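Student: One-letter residues, chain by chain:
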Amino acid sequence: MKWWGWILSLLPAGVGILIGILATNENITNPVLFLRGRFAVLATLCGVTISIIIIAAAQFWIHTQKKHNREIQGVRKQANEDRQRFLQRLDHELKNPLTVIRAGLTNMTYEPLEDYLANEVSAVQAQVIRISHLVADLRKLAALEITPLETTVVSMAELLTEVVNVVKDQANMGDRQLTLILPHAPWPLPDVEGDPDLLLLAVHNLLDNAVKFTAPGDTIEVRAFDDGSDIVIEIADTGPGISEAEIDRVWEELYRGEQARSVPGSGLGLPLVRAIIEKHGGNVGLRSRPDQGTVFSVRLPAI
Amino acid sequence: MNNKPKILLVDDETAITDRLQPFLSRAGFDVDVASDGEAALIKIVSYTPDLIVLDVLMPRMDGREVLRQLRQKGDWTPIILLTQVGESAERAMALMEGADDYINKPFDPNELAARIKTVLRRASPGQPPLTVAERLRSGDLVVDRPKRRAYLNAIEINLSPKAMSLLEYLITHPDELLSRDRLLDAVWGWDYPIGTRTVDTRIAELRRVLGDDPGDPQYIETIPGQGYRFIGKVEKTS
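Those protein sequence lines, which keep their order, are chains A and B.
Take 268 as the starting number for the first sequence in the working numbering and just add one per residue.
Take 436 as the starting number for the second sequence in the working numbering and just add one per residue.
Keep in mind that the hints were calculated from the coordinates and are not lab data.
Keep in mind it's a predicted model, so treat the numbers as computed, not measured.
Even glycine gets a Cβ: it sits at the ideal position worked out from N, Cα and C.
One or more of the hints may lead you astray.
Only some residues are given here: those of chain A computed to face chain B with a beta carbon under 10 Å [as the list claims (entries may be wrong)]:
#1 His359
#2 Leu365
#3 Ser389
#4 Val391
#5 Ala393
#6 Val395
#7 Val433
#8 Leu467
Input sequences plus hints: build the corresponding full structure.
Tutor: Have a look at this one:
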């Protein structure tokens with residue numbers, strides 16, 4: 268229980284005792300007489316009883332709540348372990364067949380093939396490589412969740428500046444307006460504790476998405492600020508937006524939204540962002556309006 | 436006279452060995468096959484391979500056990516492990532146990548052939564590979580791998596954990612062209628589009644701390660458009 272909880276629960280007892288003290292200044296030696304006759308003691312007793320009931324009820328409620336939370340955590344942990352095992356098995360069962368297919372295809376191209384066959388072989392080869400990458404990425408995503416972080420002090424202001432500069436130089440940037448807004452007054456953006464490479468990857472993925480899903484002429488804003496204990500990073504764009512039905516889905520592995528089907532990608536970019544940020548004790552969020560645009564937000568504990 | 440390097444290919448999946456044996460033969464190697472760890476230990480005696488390509492997960496005796504038994508006997512025949520172990524920590528462990536290199540399944544067979552050539556070139560017959568050495572020296576630089584510390588002119592240098600891992604990988608693979616993708620895979624355990632820049636950032640940190648001039652490097656050379664190469668002469672030290 269919090270301190271104010273204790274004060275509230277003990278208030279009736281306090282009031283009862285106070286009334287008791289005010290109503291009597293005699294020394295009573297016989298408790299039976301006292302109970303029957305004295306309003307003062309009744310008041311005290313009532314007050315104390317109410318307090319005891321409140322405290323007992325509160326403790327019971329807290330206990331039930333904790334048990335419930337433990338159960339939810341247990342179920343989540345179990346689901347996550349199941350998923351990890353599934354990914355390991357999937358990886359294990361696919362690696363040998365994929366090795367065979369890749370070696371077989373390479374053998375087929377040892378002798379020069381006729382044009383039409385060469386085209387077929389290279390098309391199949393490209394798809395096998397794609398599956399290989401997909402399986403590897405899924406496994407790496409699962410591994411990320413269970414590998415401990417190597418952390419240092421990271422200046423998010425510098426990191427965001429770097430990412431924005433990288434993305435500005437990207438070939439697909441076109442004439443999109445990309446601006447970075449960092450706080451300077453009254454104080455600059457606080458640092459965070461984390462793995463700089465992973466954080467860079469997460470922010471880059473979000474910003475790269477913003478570029479991919481907008482058209483030339485759109486505006487992209489990267490904003491960061493602190494709200495006391497956390498820093499908040501927002502990546503906002505004037506792109507097509509995400510429909511309400513899809514908003515919760517985009518963080519799921521291999522999910523590809525309606526807008527995403529025409530854009531190349533693995534369906535693992537956002538799950539990776541979420542895994543990295545949650546690994547750092549933060550969380551991710553998203554607000555969007557169709558035809559107006561999208562704001563992805565990242566919250567990380569500040570130092 | 437047959438002076439092709441002799442490769443022993445060990446994997447329990449015949450579908451794999453049936454594809455890789457002709458491939459490696461065409462790549463210029465003499466290839467023999469064993470289908471599990473026990474068979475491999477027997478074949479090693481009669482065939483005396485120059486290099487063993489060893490799958491990890493096999494029935495009867497797995498690849499790790501073969502590796503351990505050979506190294507305990509003082510047999511330092513170069514070994515490339517075929518793994519699917521995702522975590523770089525576990526792969527680093529495999530190297531410490533005495534593997535010369537590893538390659539993740541599924542792999543590009545051309546990549547396997549290239550790795551075999553590199554390991555053969557790097558290996559000195561009968562000698563433990565650099566990957567199992569605890570302390571390595573290159574010029575004024577000493578790397579203490581178990582302690583994860585590095586010294587320049589006997590003064591400890593301060594490196595971020597990733598830069599230390601990167602230095603360790605570079606110094607155990609001297610004179611080898613290492614692409615950014617391969618460094619990412621080996622040191623970071625993931626490869627994503629921005630990753631190549633991540634490698635460049637850590638290389639820059641190493642150069643700054645080592646005082647290495649990219650224009651006239653003593654340790655790390657940039658191969659434009661391809662990757663990096665550790666050019667310092669590396670020796671084991673105590």
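Student: Failing hints, ascending?
Tutor: As far as the earlier hints go, 3, 4 and 5 are violated by this structure, in ascending order.
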